[in-house]
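Asker: Read off the chains here:
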Amino acid sequence: GNSVTQMEGPVTLSEEAFLTINCTYTATGYPSLFWYVQYPGEGLQLLLKATKADDKGSNKGFEATYRKETTSFHLEKGSVQVSDSAVYFCALHTGANSKLTFGKGITLSVRP
Amino acid sequence: GAGVSQTPSNKVTEKGKYVELRCDPISGHTALYWYRQSLGQGPEFLIYFQGTGAADDSGLPNDRFFAVRPEGSVSTLKIQRTERGDSAVYLCASSLTRATGGSEQYFGPGTRLTVT
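Read top to bottom, the protein sequences are chains A and E. Taken in order, the first sequence gives residues 1 to 112; the numbers are from the working numbering. Taken in order, the second sequence gives residues 1001 to 1116; the numbers are from the working numbering.
For the record, the hints were derived by calculation from the structure and aren't laboratory data. Take these hints with a grain of salt, some might be off.
Taking lysine-lysine and the DSS-like style, the derived pairs with C-alpha atoms no more than 27 Å apart in a straight line are [stated by the list, open to error]:
{"id": "1", "chain 1": "E", "residue 1": "K1078", "chain 2": "E", "residue 2": "K1015"}
{"id": "2", "chain 1": "E", "residue 1": "K1011", "chain 2": "A", "residue 2": "K56"}
{"id": "3", "chain 1": "E", "residue 1": "K1078", "chain 2": "E", "residue 2": "K1017"}
{"id": "4", "chain 1": "A", "residue 1": "K56", "chain 2": "A", "residue 2": "K104"}
{"id": "5", "chain 1": "A", "residue 1": "K68", "chain 2": "A", "residue 2": "K56"}
{"id": "6", "chain 1": "A", "residue 1": "K52", "chain 2": "E", "residue 2": "K1078"}
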């Protein structure tokens, strides 16, 4: 079956620090990969996605590259802001079904 | 336009009671999903509707859980004989079509269910 593994959290960074959040997956078929974000008091929202190997998803300064050889989709940002404090979920979806499979999520706190 | 809405936002019920959770998807979205998110975990899939029919209910944990979408729009998740282990945030999502490839699922704010 499908599964997503995220690095253990929480993560606390100072403003303008570099961010990497690791995500690896196992899947049958050829998954699409996603990062969702949940800001305090808000619902889940899509941050970025990649639908095939070597694709790079990007949004709001965040990037993630679909690496089939390492089955990874690590999230990076060069300079985090306080407003990036949120919970981040890695997820995948295959064409065999319509459901998203999520990782456990990781809480990011950015200090001024 | 309006996003996915869910009611109630919070529900407290006693063990053994019956509850209904409602989801209003984005207008025109044919696909609707229910997920359950326990504390400290990512959302877990429960059921998926394409139109009025349940296309995949493989995530429903047992026969106490049931969901309907009679007119292909609003959906209701029904839980019978609630147990304390059912306490979680129940999320609803919708997408324009079946979520193949990169089609985005839009999530509602969730219903926090607490079973005492």
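Asker: Has the given pair, K56/A with K104/A, been kept, meaning a C-alpha gap of at most 27 Å?
Answerer: holds, 22 Å
Asker: Given the hint that K1011/E pairs with K56/A, test it: the Cα-Cα distance must not exceed 27 Å.
Answerer: Answer violated: K1011/E to K56/A is near 40 Å, above 27 Å.
Asker: Is K1078/E close enough to K1017/E, meaning Cα to Cα at most 27 Å?
Answerer: Cα-Cα ~11 Å, so holds.
Asker: Within 27 Å, alpha carbon to alpha carbon, are K68/A and K56/A?
Answerer: Judged against 27 Å, a Cα distance of about 12 Å means the pair holds.
Asker: Given the hint that K1078/E pairs with K1015/E, does the C-alpha gap stay at or below 27 Å?
Answerer: holds, 14 Å
Asker: Are the Cα positions of K52/A and K1078/E separated by 27 Å at most?
Answerer: This hinted pair is violated, its Cα atoms lying about 37 Å apart.
Checked against the numbered hints above, the structure violates hints 2, 6; every other hint is satisfied.
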